[in-house]
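Going down the list, the sequences are from chains F and P. FYI, in the working numbering the residues of the first sequence are 30 to 562. FYI, in the working numbering the residues of the second sequence are 322 to 638.
Heads up, some of the hints might be wrong.
Lysine-lysine pairs mimicking DSBU-like chemistry, simulated, CA-CA at most 35 angstroms apart [to be verified]:
| # | chain 1 | residue 1 | chain 2 | residue 2 |
| --- | --- | --- | --- | --- |
| 1 | F | Lys396 | F | Lys489 |
| 2 | P | Lys373 | F | Lys220 |
| 3 | P | Lys494 | F | Lys258 |
| 4 | F | Lys216 | P | Lys373 |
| 5 | F | Lys235 | P | Lys494 |
| 6 | F | Lys220 | P | Lys494 |
| 7 | P | Lys373 | F | Lys175 |
| 8 | P | Lys494 | F | Lys261 |
Short derived list, chain F residues pointing at chain P, Cβ under 10 angstroms [claimed, not checked]:
| # | residue |
| --- | --- |
| 9 | Leu68 |
| 10 | Thr70 |
| 11 | Val282 |
The set of hints was computed from the structure by calculation and includes no laboratory data. Keep in mind the model is a prediction, meaning the values are calculated, not measured. A virtual CB, placed ideally from N, CA and C, is assigned to each residue, including glycine.
Residues per chain are reported as follows:
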Amino acid sequence: MRRLAPALAGLFLALGIVAQPAWAGGTLRIAMTASDIPLTTGQPDNGAEGYRFTGYTIYDALVNWDLSKADQPASLTPGLATSWSIDPKDNTRWIFNLRKGVTFHDGSAFNADAVVWNFEKVLNDQSPQFDAKQSGNVRGRFPGIKEVKKIDENTVSISTKAPDAWMPYELAWMFFSSPTQWEKLGKSWDKFAMQPSGTGPFKLTKLVPRELAQLEPNTAYWDKNRIPKTDKVILMPIPDPNTRTAALLSGQVDWIEAPAPDMIPNLKAQGMQITSNVYPHTWPYQFSFLEGSPWNDIRIRKAANLAVDREGLKQLLGGMMVGAEGMVTADHPWFGHPTFKVKYDPAEAKRLLKEAGYSKDHPIKAKILISASGSGQMLPLAMNEFIQQNLAEVGIALEFEVLEWQTLYANWRQGAKDPASRGGTATNVSFAWQDPMVAFYRFIHTSMIPPNGFNWGWYKDPESDALLDQARATFDPAKQDALLAKLHERQVDNATWLFIAHDVGPRALSPKVKGFVQARSWFQDLTPVSLDK
Amino acid sequence: MLVYLLKRLLYALPIALSVTLVCFLLVHIAPGDPLNAVVPADAPAEVVNALKAAYGFDKPLPVQYVRWLGRALTGDLGTSVATGRPVADEVLSAVRNTILLAVIAAIIGFALGALLGGVAGYRHRGIVDRLATALSVVGVSVPHYWLGMVLTIIFSTRLNWLPAMGAGPGGSKEWLWDGEHIRYLVLPVATLMVIPLGIVTRTIRALVADTLSKDFVQALRAKGLSDRAVFLHVVKNVAPTALAVMGLQLGYLMGGSILVETVFAWPGSGFLLNTAIFQRDLPLLQGTILILCLIFVLLNLMVDVLQPLIDPRMRRS
Numbered sequence: 030m031r032r033l034a035p036a037l038a039g040l041f042l043a044l045g046i047v048a049q050p051a052w053a054g055g056t057l058r059i060a061m062t063a064s065d066i067p068l069t070t071g072q073p074d075n076g077a078e079g080y081r082f083t084g085y086t087i088y089d090a091l092v093n094w095d096l097s098k099a100d101q102p103a104s105l106t107p108g109l110a111t112s113w114s115i116d117p118k119d120n121t122r123w124i125f126n127l128r129k130g131v132t133f134h135d136g137s138a139f140n141a142d143a144v145v146w147n148f149e150k151v152l153n154d155q156s157p158q159f160d161a162k163q164s165g166n167v168r169g170r171f172p173g174i175k176e177v178k179k180i181d182e183n184t185v186s187i188s189t190k191a192p193d194a195w196m197p198y199e200l201a202w203m204f205f206s207s208p209t210q211w212e213k214l215g216k217s218w219d220k221f222a223m224q225p226s227g228t229g230p231f232k233l234t235k236l237v238p239r240e241l242a243q244l245e246p247n248t249a250y251w252d253k254n255r256i257p258k259t260d261k262v263i264l265m266p267i268p269d270p271n272t273r274t275a276a277l278l279s280g281q282v283d284w285i286e287a288p289a290p291d292m293i294p295n296l297k298a299q300g301m302q303i304t305s306n307v308y309p310h311t312w313p314y315q316f317s318f319l320e321g322s323p324w325n326d327i328r329i330r331k332a333a334n335l336a337v338d339r340e341g342l343k344q345l346l347g348g349m350m351v352g353a354e355g356m357v358t359a360d361h362p363w364f365g366h367p368t369f370k371v372k373y374d375p376a377e378a379k380r381l382l383k384e385a386g387y388s389k390d391h392p393i394k395a396k397i398l399i400s401a402s403g404s405g406q407m408l409p410l411a412m413n414e415f416i417q418q419n420l421a422e423v424g425i426a427l428e429f430e431v432l433e434w435q436t437l438y439a440n441w442r443q444g445a446k447d448p449a450s451r452g453g454t455a456t457n458v459s460f461a462w463q464d465p466m467v468a469f470y471r472f473i474h475t476s477m478i479p480p481n482g483f484n485w486g487w488y489k490d491p492e493s494d495a496l497l498d499q500a501r502a503t504f505d506p507a508k509q510d511a512l513l514a515k516l517h518e519r520q521v522d523n524a525t526w527l528f529i530a531h532d533v534g535p536r537a538l539s540p541k542v543k544g545f546v547q548a549r550s551w552f553q554d555l556t557p558v559s560l561d562k
Numbered sequence: 322m323l324v325y326l327l328k329r330l331l332y333a334l335p336i337a338l339s340v341t342l343v344c345f346l347l348v349h350i351a352p353g354d355p356l357n358a359v360v361p362a363d364a365p366a367e368v369v370n371a372l373k374a375a376y377g378f379d380k381p382l383p384v385q386y387v388r389w390l391g392r393a394l395t396g397d398l399g400t401s402v403a404t405g406r407p408v409a410d411e412v413l414s415a416v417r418n419t420i421l422l423a424v425i426a427a428i429i430g431f432a433l434g435a436l437l438g439g440v441a442g443y444r445h446r447g448i449v450d451r452l453a454t455a456l457s458v459v460g461v462s463v464p465h466y467w468l469g470m471v472l473t474i475i476f477s478t479r480l481n482w483l484p485a486m487g488a489g490p491g492g493s494k495e496w497l498w499d500g501e502h503i504r505y506l507v508l509p510v511a512t513l514m515v516i517p518l519g520i521v522t523r524t525i526r527a528l529v530a531d532t533l534s535k536d537f538v539q540a541l542r543a544k545g546l547s548d549r550a551v552f553l554h555v556v557k558n559v560a561p562t563a564l565a566v567m568g569l570q571l572g573y574l575m576g577g578s579i580l581v582e583t584v585f586a587w588p589g590s591g592f593l594l595n596t597a598i599f600q601r602d603l604p605l606l607q608g609t610i611l612i613l614c615l616i617f618v619l620l621n622l623m624v625d626v627l628q629p630l631i632d633p634r635m636r637r638s
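Looking at chain P on its own, in the form it has when it is part of the complex (with noise of 0.2 angstroms):
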């Protein structure tokens, strides 16, 4: 097992690393320049050339790459350009942000995807089965920034019973626990948990329905285990591959997603990227795709480790 695990954690270094280099360069293939955030378009040029300097950008890619990275294995992540601040508390103030809503709508999206697509695998073929089978659809085909809106114009624009955007009324600082906060919750949250809940469902009705039709649960009905006994078994058998999904899933989510979070002005990653990538912003381009791909990579770990946990093959293997 220790060997597993030390194994899957020098898997995950170069991924990281590579993620690294493909992050910086992907950012600086796109096309504008990185200083139109700060400098007017009618700047002279020798004020465009000292601030190049002054930001590093006169150097070479490779030396401004390692310089960068050097930077960022001591939790550096450089200076935004646009706004002067480190990149790190952006990035690290967003992240909290968007977990806020990820791990709210994980749990519910998860919580409900599981029990959808259980009973579902259990009625297969039945109308709960088909009901489950066409919400799941609908899940993940919906595109959520279109359920945002549509959500929006409901609950806040018609109805006016909750807010449209934001983060609480003094913003994502003054966050606290009492009704006037949640219910800015309410509606980015359903909007997130839509697509875990249909691949969950999915998922979960899929793995479920198969292990109810191996040769295994009939010998142990034909045992004459309880049907809870035999449920348990089939939670086993589903659980491995349930939780690799769900991590995924909730890898996706704690990325934030940039259209959800733009609809909803939430101040999470995903609205952080948007506005790096219209601002030219690369420092804090590159800091943001950096964390948000560790923490993608993180999760994989976890999921890496606990499924040999719940599944004793995957240990003797």
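Looking at chain F on its own, in the form it has when it is part of the complex (with noise of 0.2 angstroms):
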């Protein structure tokens, strides 16, 4: 290779096409891990990462998430709206006072009647500013608001179909395009997707779809302390790791999302940073209690959480995971203080087994659905062939149905009794847990079950239900995390779940990449980012 190398530099020399450097010094080119450019009409497509990268960068929300801590988990903050509190009248109605002074990126006025437009933009489909698209990307985040009206031009209220202290939460997935941008564009969206206009920090400057994106700082955003410190930011779909990996390490990207577990020692060694932290994902079984279902006996249940060696675990992941003790992590405001102890012992997992009449050499058998890939679902055959293992140990016969990734996500809104979950018994599918509804109330309450929601496994329990109706209709922050914290801990002491892991979203970086703070959250801030020249 010593000899071959000059010989063939030599030739690229020839032929003009060594490698350049190919950006300027405060550029900096992320690859992400989508397929395509997230939407960037006001209402990303491609899940967390699309708010990530054209949602917050582009847009901002009535109620932001403060992304500037990596030392707590990340929390709502004042967006496009100063203030908002409950109508002390009626509890079905929000009042929200806008920040004055906001501009769209092309000059025009944020102000009430631009929230109203928007709002029908994704929910009146009879406005001319309807959008299928954006609607189907975010509709379902609030399916309980009712009505939308302009009180004063910075004044709006929202009412909801019944009362629902969630609000805040649910809004922070809303972002809000400019109507005077979207007027001049000829009223398409498609071209207003090329050019768009929010009031986010920065501005989309160019957009070759499929291949990359181009923003640049919107240095007259209203929060002076968010003005980016690059000059550019490259976004790239990259949806191979190892292709993220080598565009890495050969300097054509400075940034990866998500890179394979297995490349983190190289991509250290050749000096490249490493950023985790653990954030709202987790990565349980979701167990059926349907009848004939062996987790119906919370001995069974709480001997499987005893028996998972979860520091193995995160050796298999090469350190990016969190072992789980309950649905949330265990310093979260909702995980409040079970008694059941959700660690490794597999003694006592196996002295329950016994009470309930198995043991190693007497198992008792079980069927899980699992994927062999899929977003957020880390690497799902090798931690539950580890898991299988820990589990066959102390006396539980793990089966595993490998689905498709798309068909185990379909069948979750089915639930465990519809024929396309094959007898399964628990199901893997890993999921945000940033806000009540999407953490608890989908999973937890009775009428979320299919085909209303996801909780797959018909779990039935009077008393959650209560504490999340009345966490849902409990207006004051701190009283409504107690009250999730105390189903939290009625969770974790029922051992409802097989408590497993948490992600800690681990992304590569170039040494020259300054300034970055991982939030304990989905999203990420890319304000404070610089490059070193």
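Work from the hints to combine the two standalone chains into their complex.
Structure follows, in structure tokens:
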């Protein structure tokens, strides 16, 4: 190779094609895992990655996430609304006071009319600005909204079908596009996608579908502390993890999302920065409580929770996970103080199983629905095989039904009773839990039994239902958190699921990248990031 | 000749129609919901149903097929569920990028293959033959996505000479024929050309060796024809079969390699297919497969037309 290299170098030099520095300093190039640039019209697709890169960059919500801290869970913070409160006379009516003096990238004013116009964009299919695509991406986030009205130039009211104390969380999904720009571009969302106008810290200045998007700082951004430090950000969709890694190592990009765990030591050895932080992600087994399911016996549920060696699993993932002790992380305000401690205690697991009539030689059998890959699924095959060995040691024999990811995902809503579940008694789908609706309600409340929601296993617990209903109607944040903590304690004590892992969202950055704070969130703030020139 | 051409053209029509039916059915048999790409998993049922109706996924399959075919005949391949952009635009832009790779890989692969195969056929069982045979076996056997990764590791991440991925610094829309852009072609072309190089080498070697052993070559030599004149006779005999093999190989290359284009994040038809599959973007998937199959049918038709022009025996039959 040593002899060959100069010869080849000479050849490439002769052809004039030796790699050159690709971009000027100050341009941050990011390789995303998505296979296309997420939608840029306002409500991004491609899940959380879309919100991360073409959502919170170009746009703002009324209520934003505070992504400035790495040492505590991300919390809500005023965005385009400076404050909000429930109407003291009507607990189904929220009042939002809008930030004054905010303008869209095209220079037009952000005001109450723009807020109403944007809600019509996704909720009213009779409005001229209705966009089925944006609507599909966001409408399900706030199913309870009945009406959005302008009170005055800087105030709006949002009425809900029933009391809904979780509205601020739900509104963090809703971004505001410029009505003026849409009018100017011939009322076309397709054209708007190429020249979008939001209120966010970045402006989109170039879009090549499926190849790249270029963002530049919005120097007139309303939050002067969040004016971007980079000259440009280039977003590139590179779905293959090996290609992302090669792009980083060859200097074509400065930042890659989700490097493959087995590449991390190599990336570190090449001087790359590996960042990670726990965030609202969980990777559990959601049990079936239908008749005939082995998980109806709490001793077996608890035994399974005590049989998983989470430290070993963490080693398998190169350290890129946190062992789960419940649905949410142990330091979260909703964790509470459960009496059942989720830990690795195979002796106690064996004792519980013996009490239930099972042992390693006479195991209880259970079929689990898993996928071979999928967004947020981490390394499902390797992890599940590890858990299978752990559980076999104490007397639970797992059999896997490996489904294609989209099939498993679709089955999540079909439920355990559906023939598509093929007799599975638990399903392994990972998910986000940043707000009470997505963390608890959709899985635990009886009203969410399929096909209404994701209560896959037909879990029915009147006390949990009551706690959820109460929390949803409690507008005092501290009291609401206390109720949710009580609810969570109940789930841990009940071992409602097999609690296994939380992902830590690894990303690899070139040593030139400075100022990035990895927030404990699915979203991240690109504004403080800069590059050494 | 005219009758032959018309016959070939008529054969192509039912093939193209069958292609539309098979690609439509295959895409719909695959598991997964076509709206997964656009609707979050927790979207309410009424939103899902409204979107299903908007995209026509609520209609029975035969109705969906006839509608799709009717529109496809007018050049309208529908709209991508995931992006909302017209499928025809997406496919044409991707096919253009793939053609760039495929044509260059084909020219280099075919030329080298013809050269190596020809020399190997003439020097049957000699050292050149053994080398060419080894090379063709390697070309056919080595998984090209693996080769792509190895080339990337050597030339991009270790030596840092060539880009690891992409179609130019400003994307394929700003493609220019200069050194800065051509270097983006080097690794994907080198990876892609290996298979046609191997197959063409092997085919031509066998054809040349076989032709040289024929009685008519002995007769030509006995008549006192020069080596050059004999060579021309050999070329004429080898060309029709070699052309058919090259046509097929070019068809495969035009289809875009899903694996190679994914490894190099090259925005061609293979990359587009990969995206459409993972996003369950049925209109995009159907449109891409249809266009690629039609290109394949068209290339075969062209080979069928060219062969009798080279080989008078085919004209007579």
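**Request:** Would you mind confirming whether the straight-line C-alpha gap from Lys396(F) to Lys489(F) stays at or under 35 angstroms?
**Result:** Roughly 21 angstroms between the alpha carbons, so the hint for Lys396(F) and Lys489(F) holds.
**Request:** Please work out if Lys235(F) and Lys494(P) have their alpha carbons no farther apart than 35 angstroms.
**Result:** Holds. Lys235(F) to Lys494(P) sits at ~11 angstroms (cutoff 35 angstroms).
**Satisfaction of hint between Lys258(F) and Lys494(P), Cα-Cα up to 35 angstroms** = holds (28 angstroms)
**Prompt:** Against chain P, with CB atoms and a cut of 10 angstroms, does the hint on Leu68(F) hold up?
**Reply:** holds (7 angstroms)
**Satisfaction of the Thr70(F) interface hint, Cβ to chain P closer than 10 angstroms** = Holds, because the Cβ-Cβ distance from Thr70(F) to chain P comes to roughly 9 angstroms (cut-off 10 angstroms).
**Message:** Hinted pair, alpha-carbon criterion (35 angstroms max): Lys373(P), Lys175(F). Please report holds or violated.
**Reply:** The hint holds at about 23 angstroms.
**Asked** Straight-line Cα separation of Lys373(P) and Lys220(F) no greater than 35 angstroms?
**Response** holds (24 angstroms)
**Request:** Decide if the proposed pair is consistent with the structure: Lys220(F) and Lys494(P), CA atoms, cutoff 35 angstroms inclusive.
**Result:** Distance ~17 angstroms between Lys220(F) and Lys494(P) Cα, so the pair holds.
**Item:** Given pair status - Lys261(F), Lys494(P), alpha carbons within 35 angstroms
**Value:** holds (19 angstroms)
**Pair hint outcome, Lys216(F) versus Lys373(P) [Cα-Cα no greater than 35 angstroms]** = holds (24 angstroms)
**Message:** Restraint: Val282(F) near chain P, CB-CB cut 10 angstroms. Satisfied or not?
**Reply:** Nearest chain P Cβ about 9 angstroms off; hint holds.
Checked against the numbered hints above, the structure violates none of them.
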